[in-house]
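**Student:** Listed below are the residues making up each chain.
2 protein chains.
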Amino acid sequence: MDIKKRVELIKRNTVEIITEQELEKLLKEKKNPSVYLGTAITGRPHIGYYIWVLKLADFLKAGFKVKVLLADMHGALDNCPWEVLDKRYKYYSKVIKLMFESMKIDIKNLEFVTGSSFELDRDYFLDVMKMSTYASIHDCIKAASEVVKLGDNPRLSGAIYPIMQALDEEYLDVDVQYGGIDQRKIFVFARENLPKIGYKPRIEVMTPLIPGLIGKKMSASDEKSKVDLLDDEETVKKKINSAECVSGDIDNGILAFLKNVIMVLKEEQGEDFIVERPGKYGGNLEYSDYEEVEEDFKEKTLHPLDLKNAVSQEINAMLSIFRKNRAELLKLAKEAYS
Amino acid sequence: MDIKKRVELIKRNTVEIITEQELEKLLKEKKNPSVYLGTAITGRPHIGYYIWVLKLADFLKAGFKVKVLLADMHGALDNCPWEVLDKRYKYYSKVIKLMFESMKIDIKNLEFVTGSSFELDRDYFLDVMKMSTYASIHDCIKAASEVVKLGDNPRLSGAIYPIMQALDEEYLDVDVQYGGIDQRKIFVFARENLPKIGYKPRIEVMTPLIPGLIGKKMSASDEKSKVDLLDDEETVKKKINSAECVSGDIDNGILAFLKNVIMVLKEEQGEDFIVERPGKYGGNLEYSDYEEVEEDFKEKTLHPLDLKNAVSQEINAMLSIFRKNRAELLKLAKEAYS
Chain A
1 MDIKKRVELI
11 KRNTVEIITE
21 QELEKLLKEK
31 KNPSVYLGTA
41 ITGRPHIGYY
51 IWVLKLADFL
61 KAGFKVKVLL
71 ADMHGALDNC
81 PWEVLDKRYK
91 YYSKVIKLMF
101 ESMKIDIKNL
111 EFVTGSSFEL
121 DRDYFLDVMK
131 MSTYASIHDC
141 IKAASEVVKL
151 GDNPRLSGAI
161 YPIMQALDEE
171 YLDVDVQYGG
181 IDQRKIFVFA
191 RENLPKIGYK
201 PRIEVMTPLI
211 PGLIGKKMSA
221 SDEKSKVDLL
231 DDEETVKKKI
241 NSAECVSGDI
251 DNGILAFLKN
261 VIMVLKEEQG
271 EDFIVERPGK
281 YGGNLEYSDY
291 EEVEEDFKEK
301 TLHPLDLKNA
311 VSQEINAMLS
321 IFRKNRAELL
331 KLAKEAYS
Chain X
1001 MDIKKRVELI
1011 KRNTVEIITE
1021 QELEKLLKEK
1031 KNPSVYLGTA
1041 ITGRPHIGYY
1051 IWVLKLADFL
1061 KAGFKVKVLL
1071 ADMHGALDNC
1081 PWEVLDKRYK
1091 YYSKVIKLMF
1101 ESMKIDIKNL
1111 EFVTGSSFEL
1121 DRDYFLDVMK
1131 MSTYASIHDC
1141 IKAASEVVKL
1151 GDNPRLSGAI
1161 YPIMQALDEE
1171 YLDVDVQYGG
1181 IDQRKIFVFA
1191 RENLPKIGYK
1201 PRIEVMTPLI
1211 PGLIGKKMSA
1221 SDEKSKVDLL
1231 DDEETVKKKI
1241 NSAECVSGDI
1251 DNGILAFLKN
1261 VIMVLKEEQG
1271 EDFIVERPGK
1281 YGGNLEYSDY
1291 EEVEEDFKEK
1301 TLHPLDLKNA
1311 VSQEINAMLS
1321 IFRKNRAELL
1331 KLAKEAYS
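For the record, the sequence lines run as chains A and X.
Position 97 of the first sequence, counting from 1, maps to 97 under the working numbering, and the rest follow consecutively.
Position 335 of the second sequence, counting from 1, maps to 1335 under the working numbering, and the rest follow consecutively.
Looking at chain A on its own, in the form it has when it is part of the complex (with noise of 0.2 Å):
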């Protein structure tokens, strides 16, 4: 693969990258740099994952080595309570490799870490000391503002999940970073602080946020926000059928994890998306890019309730995956979440 074909493949939905130049650079010098996208072990993990796990794959066929870090101690500092940590951390690293599974990535080049493997080592402890000397409270605090649930009156954990975070970059040996536009604040002050205790900046990949099928963002604890991994088909069609979706307007939930998720599955697989219809309605439809799907919708060509039934269809065949496990998945995620 060329390195323009690269370049693309890596920026293909992406909002912002710091910086393209540094990124472009990297790739003429470097074969197989190496991404890392940390997941802190907090909130249950929902279909909007799958937005980074396609990504990652971006990553893998662009030739990165790619870390997925499980950030067990980043989820303690985010507020989940240290006696579920282990259990949380179960349920996330069995759901996450079958995301992974389920989409038929090659993960020859793949390599899940976990957090505390690392992070409790002598010198990451002294590095995060020495960042603390450097780093104002007022900054760590403006940094988490968007990923950590820090309330009127934050805790100390809240102002050192950036700073480890920071230090990941480092310790994980990466070239980039990549995760959600949520995680911009936190980018720029590990690339403003690493310098600092002597070690390089690193490149910053940005993927959106999918808003969720209600509301803004569709969060781990908001369960009508979100399609859960362990759902069953029927309430995956209650969900989407229930989801914000007028027509005519293209900003919701549902088209933009088509857009994000699903039209970037399907090109992989060399497939159309397809809206199933009576002929008396005009028959089915058959897209090979996303554009031609907002297109339609924009025009009402398309119907939402057209459109919910064929994502149900494909958000269900993802996740099979998951029913073929489905009672182990489902005591473990009972042991975690309840």
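Worth flagging that the hints you see were computed from the coordinates, not collected in a lab.
Since we're looking at a predicted model, the values are computed, not measured.
Incorrect hints may appear among the rest.
Said to hold, decoys possible - DSS-like cross-link-like pairs, simulated, lysine-lysine; straight-line CA separation at most 25 Å:
id	chain 1	residue 1	chain 2	residue 2
1	X	Lys1149	A	Lys196
2	X	Lys1149	A	Lys142
3	A	Lys130	X	Lys1224
4	A	Lys196	X	Lys1087
5	A	Lys65	A	Lys28
6	A	Lys87	X	Lys1130
7	A	Lys266	A	Lys238
As the list claims (entries may be wrong) - Cβ pair distances, simulated, as ranges:
id	chain 1	residue 1	chain 2	residue 2	range
8	A	Pro208	X	Glu1192	21 to 29 Å
9	X	Ser1338	A	Pro208	48 to 56 Å
10	A	Asp86	X	Val1015	39 to 47 Å
11	X	Val1188	A	Glu20	46 to 54 Å
C-beta: ideal position from N, C-alpha, C; glycine also.
Starting from the known structure of chain A, arrange chain X on it as the hints suggest.
**Tutor:** For chain X alone, kept in the frame of chain A given last:
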């Protein structure tokens, strides 16, 4: 030594004990309890440090095992530059050991511990994170406010400081922490926060701060307010002679040092404090306890100049040990504080 006498010895010259009941219970239950004092590796040690050297001698006599924590990490958290930390550590460990030697204290049950020797352990950092999920930034900063140089825009390190001081009580496995009254807020923070992560609160013992020769506090950063351990005889005389000490007014650093250090030492050695005076001014004065000195000073029977001369002599006697190794110590001090 009976319990009553042990309690009295610990209480001598203290300003507060949290709580006295717990201390008495401890002494009843344990023949050899343990105590620690931490000294953060920051400013250059001065003669004010003798107050805790002597108080630790009281603990030793009362049957305690005593640990002196040479708190290098705390020094760094309180603005000691990382580049000179090791050099300051070398100076601290050298002169503080000499302070004990100069007092001829039986140090069989005294142990020096370096902060970084245990504070970088895995379990320790895990507990730092645990406590940080319970303690608010507001409470951490309030706790640190009398001890750490915070400024208008506090660094995160200043908030981590009291968390680590609380944990040191647990990790040093002591029954009591002892320090100056400026430590009070950190001590109270430790008592409140250790139980939140499953550890028992400790007993806290506090002695007063000795006022500076000039100004409110004997400060490492104000040369004229303090006598340095390496000052030569002439410099000691000059500084003491320039000290604020108004005839009849007992509120000054000279009398405070006499009370908390010199008279304690004299009592230990079974000697009187002697103020030499020419016969024509009434001849020598001899004191076996501090109250008599204070009384005479109040009534202006004892003139400030005579008091100062006697105190200079005593300090010079105490510091003679530092003059034996003067060249080496000056070299270490220069490396650490230039």
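**Student:** Now tell me if each hint is right for this structure.
**Tutor:** Hints, one by one, checked against the model:
1. At roughly 20 Å between alpha-carbon atoms, Lys1149/X and Lys196/A fall within 25 Å of each other, so this suggested pair holds.
2. Taking the CA atoms of Lys1149/X and Lys142/A, the gap is near 22 Å; set against the 25 Å cutoff, the hint holds.
3. Distance check on the hinted pair: Lys130/A and Lys1224/X sit about 32 Å apart at the alpha-carbon level, beyond 25 Å; violated.
4. Using a Cα cut-off of 25 Å, the hinted pair Lys196/A and Lys1087/X holds, with the two alpha carbons roughly 21 Å apart.
5. Between Lys65/A and Lys28/A the alpha-carbon distance is near 16 Å, which keeps this suggested pair within the 25 Å criterion.
6. For the suggested pair Lys87/A and Lys1130/X, the alpha carbons sit about 17 Å apart, so the restraint of at most 25 Å is met.
7. With a CA separation close to 24 Å, the supplied pair Lys266/A and Lys238/A stays within the 25 Å bound.
8. About 43 Å separates the C-beta atoms of Pro208/A and Glu1192/X, a value inconsistent with the hinted range of 21 to 29 Å.
9. Distance hint check: the CB atoms of Ser1338/X and Pro208/A are about 54 Å apart, consistent with the given range 48 to 56 Å.
10. Remark: the range hint 39 to 47 Å for Asp86/A to Val1015/X is upheld by a beta-carbon distance near 45 Å.
11. The supplied range of 46 to 54 Å is met by Val1188/X and Glu20/A, whose beta-carbon atoms lie about 52 Å from each other.
Figure legend: structure checked against the earlier numbered hints; hints not met, in rising order: 3, 8.
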